[in-house]
Amino acid sequence: MSRGVAALDCLGAGLAAYSDAMLIIVPPSESKRPPPDRGAPVALGELSFPSLTAMRTRILHALIETSARPDAMRRLRVAPSMEEQVARNTALLGLLARPALEVYVGSLHRGLDAATLSPVASARAADGLIVASALWGALRPADRIPPYRLDICARLVGMDRLEPAWRTVLPDVLAAAAGGDGIVLDLRSPGYQAIGTPAGASDRTVTLRVRQHGADGRRIGDATAKRVRGEVARHLLESGADPGDADALAVVLGERWPVLLDAPPRPGKPWQLAVTVTA
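Every letter in the sequence shown is one number past the one before it in numbering that gives the first Met the number 0, and letter 37, counting from 1, is 36.
Some hints here could point you the wrong way.
[What the hints assert, rightly or not] Computed list of lysine to aspartate or glutamate pairs in EDC-like fashion (alpha-carbon distance at most 16 Å, straight line):
id : residue 1 : residue 2
1  : Lys31     : Asp150
2  : Lys268    : Asp244
3  : Lys31     : Asp112
4  : Lys31     : Glu101
5  : Lys31     : Glu82
6  : Lys268    : Asp202
7  : Lys31     : Glu83
The set of hints was computed from the structure by calculation and includes no laboratory data.
Put together the whole structure using the sequences plus the hints.
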């Protein structure tokens, strides 16, 4: 089932019936700010979602050990130009930390531009936005972390791939964060979705695809697509809307972009929403 925004206009009158439990899940970024000049190192016991502490500790120490090995570049799937960042991994426990949304500076996070969110939108992000990370699992915006280098497909010493490890704990944590109702908007790529999606919430989860060809027919490129994903999160946070279902979400995003909503192809799969870049 596919529907354009025009087909959803009749839902506008129902937008007042929003839930207050919208959850937005975003990925990290490869690009990160360097450590700040002042502050303190990461305190694992002070991060959100304390049930993830044991897995975070395991992966953190495996990353430190892996980064010190001669085959670190191959295991971490990075180019020789990243050697300095890999070496920095060995000092992660001593690096000064900053809030997560200040650390990540890739295309999606530039589109979100968390530093310029209004006070109301920032408060909404604090409660309703999660960064899903290969190292930390799940982070709230205010969680303080150091910069690091870890690809989701890295093969760490003693652990191999990370997705199966995170899937043992992350789905339940994300489900608790999502609550019993309200939309879950998952802005991650399939690779990061593989570390876990909210358990039991597929019928109210929406994934987002940015069409690779804009309204003028030109290919927009991956960096632009990621930036638009960040702009989608920003638009929702600034809009004040808490859409209670996928149709209402499409209406809110349709205020900014042409959208097309597809129902789940089968039970257990999420809704799919496509947005088109118009300029």
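The hints, checked one at a time:
no. : hint            : in the structure
1   : Lys31 x Asp150  : holds, 13 Å
2   : Lys268 x Asp244 : holds, 15 Å
3   : Lys31 x Asp112  : holds, 14 Å
4   : Lys31 x Glu101  : holds, 8 Å
5   : Lys31 x Glu82   : holds, 15 Å
6   : Lys268 x Asp202 : holds, 7 Å
7   : Lys31 x Glu83   : holds, 13 Å
Checked against the numbered hints given earlier, this structure breaks none of them.
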